[in-house]
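**Student:** Taken in sequence, the protein lines are chains A and B.
Using our numbering, read the first sequence as starting at 196 and increasing by one per residue.
Using our numbering, read the second sequence as starting at 10 and increasing by one per residue.
Simulated from the structure, these hints should not be mistaken for laboratory data.
Only true hints are included.
Only some residues are given here: those of chain B computed to face chain A with a beta carbon under 7 Å:
1. 168
2. 169
3. 175
4. 189
Just a sample of chain A residues kept apart from chain B, beta carbon distances all over 12 Å, derived:
5. 273
6. 322
7. 323
8. 328
9. 424
10. 488
11. 492
12. 499
13. 516
14. 542
15. 550
16. 558
17. 559
Even for Gly, the Cβ is constructed at its ideal location relative to N, Cα and C.
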Amino acid sequence: VLPVALALLAALLPGCRDEAIRSYEVPKEAVPVMAPAPPATPAMTAPAHREVPHWTLPRGWREVPGSGMRFATLVVEGTDPPLEVRVTPLSHAARDLLDNVNRWRQQIGLDPVTTTEVGPLVRQIDAGGRPIDFVSLTGPAAPEAPAKQILAGILPGQEQVWFFLMFDEAARVAPHAAAFEAFLGTVHLETHHAGEPAPASAEVPPDMMPAGDAPASSAAPPSGSAATSGAGGMTWTLPPGWSIDPTPGDMRVATIRLPEGGGEVAITRFGGPGGDLLANINRWRNQLGLAPVAGPADQAGESITVAGRSTRLFDMSEAGSAPDRRRTMVVGLAEPDANWFIKVTGPHAALAEAAPAFRQFLGTVRIAGEATP
Amino acid sequence: MKQAVPILRWFSSLQLTVVLLALSIFLIFAGTWAQIDLGIWTVLSTYFRSWIVFIPLQIFLPREWNVPGAIPYPGGFLLGWLLFLNLVTAHAVRFKWQWKRAGLILIHAGLLLLIVGEFVTAISAEENRMTIVEGDTVNYAVDIRAVELAIVDRSDPDRDQVVVVPGSKLARHSVIRDPKLPFDIRVEAYHQNADLLEGVERAGGAVVADQGVAATRALSVRRLPPASGTDRDRSDFPAAVLTLEKNGTRLGTWIVSLFLTLTDVPPQPVTVDGRTVDITLRHKRVYKPYSMSLIDFRHDKYPGTETPMNYSSDVRLIDEAHGEDRQVRIYMNNPLRYRGETFYQSSFLEGDQGTVLQVVKNPGWLLPYLACAIGALGLTIHFGTRLSSFLRRGRA
Chain A
196 VLPVALALLA ALLPGCRDEA IRSYEVPKEA VPVMAPAPPA TPAMTAPAHR EVPHWTLPRG
256 WREVPGSGMR FATLVVEGTD PPLEVRVTPL SHAARDLLDN VNRWRQQIGL DPVTTTEVGP
316 LVRQIDAGGR PIDFVSLTGP AAPEAPAKQI LAGILPGQEQ VWFFLMFDEA ARVAPHAAAF
376 EAFLGTVHLE THHAGEPAPA SAEVPPDMMP AGDAPASSAA PPSGSAATSG AGGMTWTLPP
436 GWSIDPTPGD MRVATIRLPE GGGEVAITRF GGPGGDLLAN INRWRNQLGL APVAGPADQA
496 GESITVAGRS TRLFDMSEAG SAPDRRRTMV VGLAEPDANW FIKVTGPHAA LAEAAPAFRQ
556 FLGTVRIAGE ATP
Chain B
10 MKQAVPILRW FSSLQLTVVL LALSIFLIFA GTWAQIDLGI WTVLSTYFRS WIVFIPLQIF
70 LPREWNVPGA IPYPGGFLLG WLLFLNLVTA HAVRFKWQWK RAGLILIHAG LLLLIVGEFV
130 TAISAEENRM TIVEGDTVNY AVDIRAVELA IVDRSDPDRD QVVVVPGSKL ARHSVIRDPK
190 LPFDIRVEAY HQNADLLEGV ERAGGAVVAD QGVAATRALS VRRLPPASGT DRDRSDFPAA
250 VLTLEKNGTR LGTWIVSLFL TLTDVPPQPV TVDGRTVDIT LRHKRVYKPY SMSLIDFRHD
310 KYPGTETPMN YSSDVRLIDE AHGEDRQVRI YMNNPLRYRG ETFYQSSFLE GDQGTVLQVV
370 KNPGWLLPYL ACAIGALGLT IHFGTRLSSF LRRGRA
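One chain only, chain B, in its complex shape:
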């Protein structure tokens, strides 16, 4: 313990607190600048929900200067946990546990819980979207920030056999082999955001795909910069050029693109070993053990205007395992909470044909409330004690 004391002293020092807070301020500054080029969620995961981040020098300079290089910098997780340790060790080493300091201890306990709460949210919260057309039933939500390559065998009349390859795998690996896959996948190109060019628009760009919709329409892929935090209403359309192989024999090269999927281009067939499977690049799906049918979507406007007054979705929730079959109305500020998930009325389809629900699951949702309550109690006690001693001194 004696050996540990200097380390504890170092960890508990006020100088470290100041340095960590200064580093945090600069991280927020850099993360804000980074959103000129990157989407808010990309910045969140690379700058704030990471242990280390390489901050490109370019983000602080005019883009036309084209400055290479990056500085390694502690990410949000590292700074958060160091601040956590700093505060815990300060209480263990420097601060005295006295009743008159109870307010301060509670304030710090609130801060520690806030750090833990954000960490739990960062690693475990899920935020998906469920789109239901009126009259339809849906048993999955999609993560609009992630894509997956779905390989679907529709030969069974009742069930579809699905194998999904996460988009992150397509981005990281050049060859993907897996016993679950009916073929090997060679990733010729993967772009987080890409445009599909057709015919005269190609301007000489090579057509690399010889199968599927890309071959019939002479499509080629052009990489685009990812949608950034400063782009309003823009999102990425990932695309990949994939060569599929079976036992070393090339089946062909396909282009898959989220844009094709979202514009209702049918999945592309691939024939392998005498059976046909479909491939499509789609938003990552998260299947639920229950289903929801949209009975009615209402979009009320103030009379005589286009100003929305209210959005509401009447849904039927069916969960056979839990014996649930009931009708629920979800409307603004009145979400449905079910099985640890919260369903918010988020948006709707053009022409009021369907609803879009935001499905949020956050096991740590209570922690910030608790942290704030503890902090508020601490502040009340701390300043209450100060006020009463001030009043006592005044009387004396």
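With the rest of the complex left out, here is chain A:
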């Protein structure tokens, strides 16, 4: 009996082998397509046939179109850097209240809560007959980092879950908490069918519109103007012929187009100490097909003063001698909690011509809230 049993055991031993890499062919499948960034008009349209939120903006709020996964960004006017409400639809996989609350708590330095503790943290606001889960969380203040606050609304729709999120320093968020809550009360979802134009998501009743302010007006100055303009807490004066792109793109504070396709200036602001200057330098080098450098000092550049800060204007080009090889010039400006990067990219020959204008432009850059040089 024993040998039989042992043989049976050996035969039935489940394999501890690695699963294999497999290749196969399947009939063509549909791929999810990222909705293109909607046009920067007050009447923001979402893909028709979908469920779209509508709301009434509180006085002094402005809507700018979203991009990527973000449906829209609501900006509180007069805040610098702009205080934002992010409106993001996610699949129902992201709906779990406890998960979301604990993720936010972790982000502002609070300990996670359990299923039974999460209930009292959430309040339901009636929004057009549908309940929105409202959460307000404030983190602890530390000597080196001010307290952060999150105001969040979660609205489960038929197709997706809509997240409304205001996340910033508590001192900046708190004064707008009442407006945020009132705003959530105005949110409602409507389904639009293919071919039917989706109306504006923001409805600004005349009595709530600040005097002289057009609804959701664009921040971009008229193309080609030499007026001072700015975004996200930075101001500058555009050289003649340069224009602000009304759709800056993901993660960018602003995109500025050089005349005649001569390249573009990207202005970004990344939070976090250090902002990984070296990582960014190597990322840009990688985009040009260059090998990474060991430290910022190894990257060719020149010393320059921008917005009162001594920094370096890095200059890098694709290998070769073709006049249309790509070239990037970039400066990094350190702030205590973030790094600004102002980067111009374009064909080598065009940038050689535009370089003086870029330096002149850098000379006009100011970061709000600080002494100008």
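Based on these hints, arrange chain B on the given structure of chain A.
**Tutor:** What follows is chain B alone, placed relative to chain A:
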């Protein structure tokens, strides 16, 4: 045989039975505690469907004590097979084969079959999920407990060329090379459960990826503890940071995440040797030789209430190889059985837009029924014999 007798005697001893049962009880106890930190399926595979398990001392103690160390312990497979051997050898060595013991022998035969049945289920059962939106046709199910990195070449207008790397491989290996792959994969990080942080949420965390959606949105990955058996409605979202290389040349670093896939972020393009392929981390797919279209999903409620009365899916089953093309209604407690698989009405999509079917394949599904029937017959005979002899003694 004479030499084997002491071994057989040892294997057949009642003391061994008691020890094995005690060990089994403690294994169940430890496996229950382990579900505070681990998901039920992880516990099932590491504690009960394994030969040996290292039980962390921490699971019995408050988590804030942070106690290291683990005790090696026989896993469910080992204990099950030792109990099997114990019972078989007991019948070979100790028990006498007599008609009056037929009931006991049948009870034990039922127990042995139960052990074998569980083992067959453990090594061969598959449980997947098929999600179909109304009007769509699907020819695969997904295993929601496993992920795979899919590398898809969509250049052909009719067919997609797919190479899949199992998530278990990403978890175990730091470099993956294979002739089927268009590039080498260096796994910088793999997390069974992870969060993606964006912009200000990163709080200084380094952005390591310089390609794809992570680069455009400045995403970074933060490891999370896996969803545990005590978490209600929580599941893991695995994520990986991958550096892709071709002939030693770095193509870049990407972040792939199940969360991105489930939130309909499109697969990320990678250009290699002049052609573009997509990469995505998705639930493991199991393709079927047939397809199913969802004609209609019904979610009936009791009038005037939100209380569900019935869920049902009208599907069209198409299997060209078997000449099948028929309409089937699948509803609660009325599954479809086809090609050795059972399709249960399991769930539905938000807004009743589609159905979720549980697709179960278990070659050993009949064994527990058979084992119970044999055991019941054995119990009837055993206690029937006892009762009749008791009655006979009473009359005497």
